[in-house]
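S.K.: Protein chains in written order, with this note's numbering: chain A, 1 to 412; chain B, 1 to 412.
Since the hints were made in silico from the structure, they are not lab data.
One should not assume that every hint holds.
Taking lysine to aspartate or glutamate pairs in the EDC-like style, the calculated list, with each CA pair at most 20 Å apart, reads [what the hints assert, rightly or not]:
#1 LYS375/B / GLU296/B
#2 LYS405/B / GLU288/A
#3 LYS375/A / ASP409/A
#4 LYS391/A / ASP254/A
#5 LYS405/A / GLU165/B
#6 LYS30/B / GLU296/A
#7 LYS391/A / ASP319/A
#8 LYS375/A / ASP409/B
#9 LYS391/B / ASP336/B
#10 LYS30/A / ASP319/B
#11 LYS391/B / GLU297/B
#12 LYS375/A / GLU352/A
#13 LYS6/B / GLU165/B
#14 LYS172/B / GLU290/B
#15 LYS391/B / GLU296/B
#16 LYS375/B / ASP409/A
#17 LYS172/B / GLU297/B
#18 LYS172/A / ASP140/A
#19 LYS172/A / GLU288/A
#20 LYS405/A / ASP409/B
#21 LYS172/A / ASP254/A
#22 LYS391/A / GLU288/A
#23 LYS6/B / GLU378/B
#24 LYS405/B / GLU296/A
Computed spacing ranges between beta-carbons, pair by pair [said to hold, decoys possible]:
#25 ASP335/A / GLN166/B: 39 to 49 Å
#26 GLU378/B / ALA97/A: 52 to 62 Å
#27 GLY100/A / PRO349/B: 26 to 36 Å
#28 ALA371/A / ALA363/B: 27 to 37 Å
#29 ALA97/A / HIS358/B: 45 to 55 Å
#30 ALA252/B / GLY333/A: 45 to 55 Å
#31 VAL218/A / GLU340/B: 52 to 62 Å
Chain A is faced by these chain B residues, among others (derived, beta-carbon under 7 Å) [to be verified]:
#32 THR87
#33 HIS122
#34 PRO126
#35 GLN205
#36 THR206
#37 ALA317
#38 LEU326
#39 ARG343
#40 TRP345
We put the CB at the ideal spot given by N, CA and C, even for glycine.
Each chain is listed here by its residues.
Protein chains: 2
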Amino acid sequence: MAVNLKTPNPADLLPVPGVRLGVAQAGIRKAGRYDLTVIELAPGSRVAGVFTQNRFCAAPVAVCREHLPHGSIRALVINTGNANAGTGGQGLDDSRATCGALAEILAIDARQVLPFSTGVIHEPLPIGRLLAGLPHAVADLRADSWFSAAHAIMTTDTLAKAVSEQIVIGGKTITVTGMSKGAGMIRPNMATMLGFIACDAAVGQTLLETMTLEAADVSFNSITVDGDTSTNDSFVTIATGQAGNTEIIDAASDEARLLARTLTSVAIRLAQSIVRDGEGATKFMSIEIEGGANREECRRVAYAIAHSPLVKTAFFASDPNLGRILAAIGYAGIDDLNVERLRVWLGNPEEETLVAEHGGRAAGYAEETGARIMKQAELTVRVDLARGQAKATVWTCDLSYGYVKINADYRS
Amino acid sequence: MAVNLKTPNPADLLPVPGVRLGVAQAGIRKAGRYDLTVIELAPGSRVAGVFTQNRFCAAPVAVCREHLPHGSIRALVINTGNANAGTGGQGLDDSRATCGALAEILAIDARQVLPFSTGVIHEPLPIGRLLAGLPHAVADLRADSWFSAAHAIMTTDTLAKAVSEQIVIGGKTITVTGMSKGAGMIRPNMATMLGFIACDAAVGQTLLETMTLEAADVSFNSITVDGDTSTNDSFVTIATGQAGNTEIIDAASDEARLLARTLTSVAIRLAQSIVRDGEGATKFMSIEIEGGANREECRRVAYAIAHSPLVKTAFFASDPNLGRILAAIGYAGIDDLNVERLRVWLGNPEEETLVAEHGGRAAGYAEETGARIMKQAELTVRVDLARGQAKATVWTCDLSYGYVKINADYRS
């Protein structure tokens, strides 16, 4: 079902010096699948993270928020099958016990471990099985295991999501490799379900944190599948510093800009992969808003369109029922919006057509053109609000029978 | 598909003295169905209305806003099949031409006519066919035509929605009869798709307007099917004054309270009918939030739950996947929400069970109980935010294959 997304080629996923990954079958929810991942980081690695703004945040998110400020993070542990969210004090105890057990095996401090969980909410974590799986995951640690790790963090994903890019800074090759998971409950607010990007650049902690926030803003924080902000969203970047480049600390330097651009590029590819693999997705839609008074209102209009079940079902049907887009723009909450001035275009990678202007249907618009454009799987809705210079893009997918089926069946 | 909703019995829909209704087959979108309704009001009738807050409001809504302040409204004209929204200047001309033509037939002023349209957005109104149908609708005017009018205003509705109630004020019997339509694009903001309530009470104009706003707030403004606020939402109340009671002008009087309560009761029944007939609905859900710091935050939490596709698909599956409700509460935007204190109950008309407390699963909750409760079609989610005394209720339905089917097929 995924839209223009393929399983990554294992050979394309480049190891990042200083990072090793291991997986195990812990039987968290179902037997016989890899559901536990450990990522070990070399000493001196720097880590930045952004997490869900959901007030019902999961226990592992709370523990990440405790551990991250201590610095010196040396390991990440990720389980699927159970989100350890809505689990109260027991959930926190379980998440801390996971960190403690992994720390003991790796001979580090429990506060040097970041825990992540994803899966069903509101059910107790099967902590015994998880702890029993940890030694197996640690025994499996290898630098070239991004492919298997990307599979082991999946839930309703149909395909693994991972990419690599390389750049050269100060004569040193820098490798950036990332992976993500998520297909439903996707409307990240600060981060996605789970996203991890590692590089071997030497970069200052503060600058890494800034780059992480900026990358999240235009990637994981610019996608939606169903508007449901998860309890577990976490996006973490790692810089092991093993590439041998001079440490990058000046945000205005060419080196910093190149690294930031690359981290952002990888983050966008991973975030778009989540939408392409959105539950039941048959279309990948870019909602591009321009001419806004500020970025916030552009995002509000983009999300109104991206969340409208009526827009999403029309796209599923390849039906250019464009009045539904106008309606969504109209209720996006811009009180002084002038509908006489705004314009709306519909496009695919081959053509684009103006569909609405002067408060109504564009004079030159032909329904056949709209129908032809919508037959493709990659579609763009572009809106010029004619109010200013700000812009924003949000990516989403359509709403199909498949979405209902997956979410009506998910636990059974 | 509708949940516990039946076609009204024609004999239960009581004529309101001073109100006559007529319908016609104008062939607006499809031939052979009643799609044009005229409602004629006796001289001296008072009318109040609330309309969509969508910035892309339809042409007839704009014309209603022009005409209503002039007072002395004598007729309403309603077409289905075409919303006359997103139609620019031509749409306004068409809506004014409709009023002018009906005014000429009835020998009144065009500004004494309120126009309403519902149906497909962004397509030109077939004004010729509409005008040709008007004489037929006028020729059909009768006091006992609420049943046929309730059918003639339907679009994707599967059942007509109309109710009557009677009260006695000052020894005079007052009849209140209303009708509504709507099944999709339902998240009214000030009113529903279309709702009309008429009574024969004598009541002051200002008081009628107040009663209308109050009734809308707890009825049409407390429902959602898909979160899409329509371009055409309109809710109009009529008081013909023909019951012979002394005019009610004091909002604090027993008479005013009784009339307001009855108008609200009829409005709630009509609004709930829209949800019961929501596109693809198999469950009717009451989301009751209590213990809020203010009503606004209660409504925000209620709508977060009511709009979550994950919650709605879980209810479709009769799956007590209650973590999805916790997640929705968590992202509703209450920054200082204490998840340790809030409690969540799941219920049907026969039983209710505490499912969440202390930030996790309630100690006494058994999954079998949740599964048993969810098998019924009438369900309640009750949340105590434990922050104050405010409360709010929102009604919604589940998200099924049927919703996707209807909205992927709607124009074909």
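S.K.: Hint by hint, note whether the structure agrees.
M.R.: The hints, checked one at a time:
1. For the proposed pair LYS375/B and GLU296/B, the alpha carbon gap of about 31 Å is over 20 Å, so the pair is violated.
2. Taking the CA atoms of LYS405/B and GLU288/A, the gap is about 27 Å. The hint is violated against a cut of 20 Å.
3. For the proposed pair LYS375/A and ASP409/A, the alpha carbon gap of about 29 Å is over 20 Å, so the pair is violated.
4. Note on LYS391/A and ASP254/A: the hinted pairing is violated, with a Cα-Cα distance of about 25 Å set against a maximum of 20 Å.
5. Taking the CA atoms of LYS405/A and GLU165/B, the gap is about 42 Å. The hint is violated against a cut of 20 Å.
6. Restraint check for LYS30/B and GLU296/A: not satisfied, since their Cα atoms lie roughly 42 Å apart, outside the 20 Å limit.
7. With a C-alpha separation of about 26 Å, the suggested pair LYS391/A and ASP319/A falls outside the 20 Å cut-off, and the hint is violated.
8. Of the pairs offered as hints, the one joining LYS375/A and ASP409/B holds, with about 15 Å between alpha carbons and a cut-off of 20 Å not exceeded.
9. Only pairs whose Cα atoms come within 20 Å are accepted, and LYS391/B paired with ASP336/B is accepted, the gap being roughly 18 Å.
10. Only pairs whose Cα atoms come within 20 Å are accepted, and LYS30/A paired with ASP319/B is accepted, the gap being roughly 19 Å.
11. Between LYS391/B and GLU297/B, the direct Cα distance comes to roughly 9 Å. Compliance with the 20 Å bound is thereby established for this hinted pair.
12. About 13 Å separates the Cα atoms of LYS375/A and GLU352/A, which keeps this hinted pair within 20 Å; it holds.
13. At most 20 Å may separate the alpha-carbon atoms for a hinted pair to count; LYS6/B and GLU165/B meet this at roughly 17 Å.
14. The straight-line distance between the Cα atoms of LYS172/B and GLU290/B is roughly 38 Å, outside the 20 Å bound, and the hint therefore fails.
15. Between LYS391/B and GLU296/B, the direct Cα distance comes to roughly 9 Å. Compliance with the 20 Å bound is thereby established for this hinted pair.
16. For the given pair, LYS375/B sits about 15 Å from ASP409/A by alpha-carbon distance, which is consistent with the 20 Å threshold.
17. At roughly 41 Å between alpha-carbon atoms, LYS172/B and GLU297/B are farther apart than 20 Å, so this suggested pair is violated.
18. The straight-line distance between the Cα atoms of LYS172/A and ASP140/A is roughly 29 Å, outside the 20 Å bound, and the hint therefore fails.
19. The hinted pair formed by LYS172/A and GLU288/A fails the criterion: a straight-line CA distance of about 36 Å is larger than 20 Å.
20. Simply put, LYS405/A and ASP409/B have alpha-carbon atoms about 18 Å apart, close enough for the 20 Å limit, and the pair holds.
21. Annotation: proposed proximity of LYS172/A to ASP254/A holds, straight-line Cα distance about 14 Å (limit 20 Å).
22. Our distance criterion of 20 Å between C-alpha atoms is met by LYS391/A and GLU288/A, whose separation comes to about 7 Å.
23. Our distance criterion of 20 Å between C-alpha atoms is met by LYS6/B and GLU378/B, whose separation comes to about 15 Å.
24. Distance hint between LYS405/B and GLU296/A is unfulfilled; the C-alpha atoms sit about 33 Å from each other, more than 20 Å.
25. At roughly 41 Å, the beta-carbon separation of ASP335/A and GLN166/B lies within the given 39 to 49 Å, and the hint holds.
26. Taken as a hint, the range 52 to 62 Å is violated for the pair GLU378/B and ALA97/A, whose Cβ atoms sit roughly 42 Å apart.
27. For GLY100/A paired with PRO349/B, a C-beta distance near 48 Å fails the hint of 26 to 36 Å.
28. In this structure, ALA371/A and ALA363/B break the distance hint of 27 to 37 Å, their C-beta atoms being roughly 57 Å apart.
29. ALA97/A and HIS358/B have their C-beta atoms about 19 Å apart, which leaves the hinted 45 to 55 Å range violated.
30. Between ALA252/B and GLY333/A the Cβ separation comes to about 36 Å, which falls outside the hinted range of 45 to 55 Å.
31. For VAL218/A and GLU340/B, the hinted distance range of 52 to 62 Å is not satisfied, since their beta carbons lie about 35 Å from each other.
32. A cut of 7 Å between beta carbons decides the hint on THR87/B: the least distance to chain A is about 5 Å, and the hint holds.
33. Taking 7 Å as the C-beta cut-off, the interface hint given for HIS122/B holds, the closest approach to chain A being about 3 Å.
34. Evaluation of the PRO126/B hint against chain A yields a violated restraint, the C-beta minimum of about 14 Å exceeding 7 Å.
35. The interface hint given for GLN205/B is broken, as the beta carbon of that residue sits about 27 Å from the closest beta carbon of chain A, more than 7 Å.
36. With a least beta-carbon distance of about 26 Å to chain A, the hint placing THR206/B at the interface is violated under the 7 Å criterion.
37. Among the interface hints, the one on ALA317/B holds; its C-beta lies about 4 Å from the nearest C-beta in chain A, closer than the 7 Å criterion.
38. A cut of 7 Å between beta carbons decides the hint on LEU326/B: the least distance to chain A is about 4 Å, and the hint holds.
39. A cut of 7 Å between beta carbons decides the hint on ARG343/B: the least distance to chain A is about 12 Å, and the hint is violated.
40. Here the hint on TRP345/B is broken, as its CB sits about 14 Å from the closest CB of chain A, past 7 Å.
In this structure, the earlier hints numbered 1, 2, 3, 4, 5, 6, 7, 14, 17, 18, 19, 24, 26, 27, 28, 29, 30, 31, 34, 35, 36, 39, 40 are contradicted, and the remaining ones agree with it.
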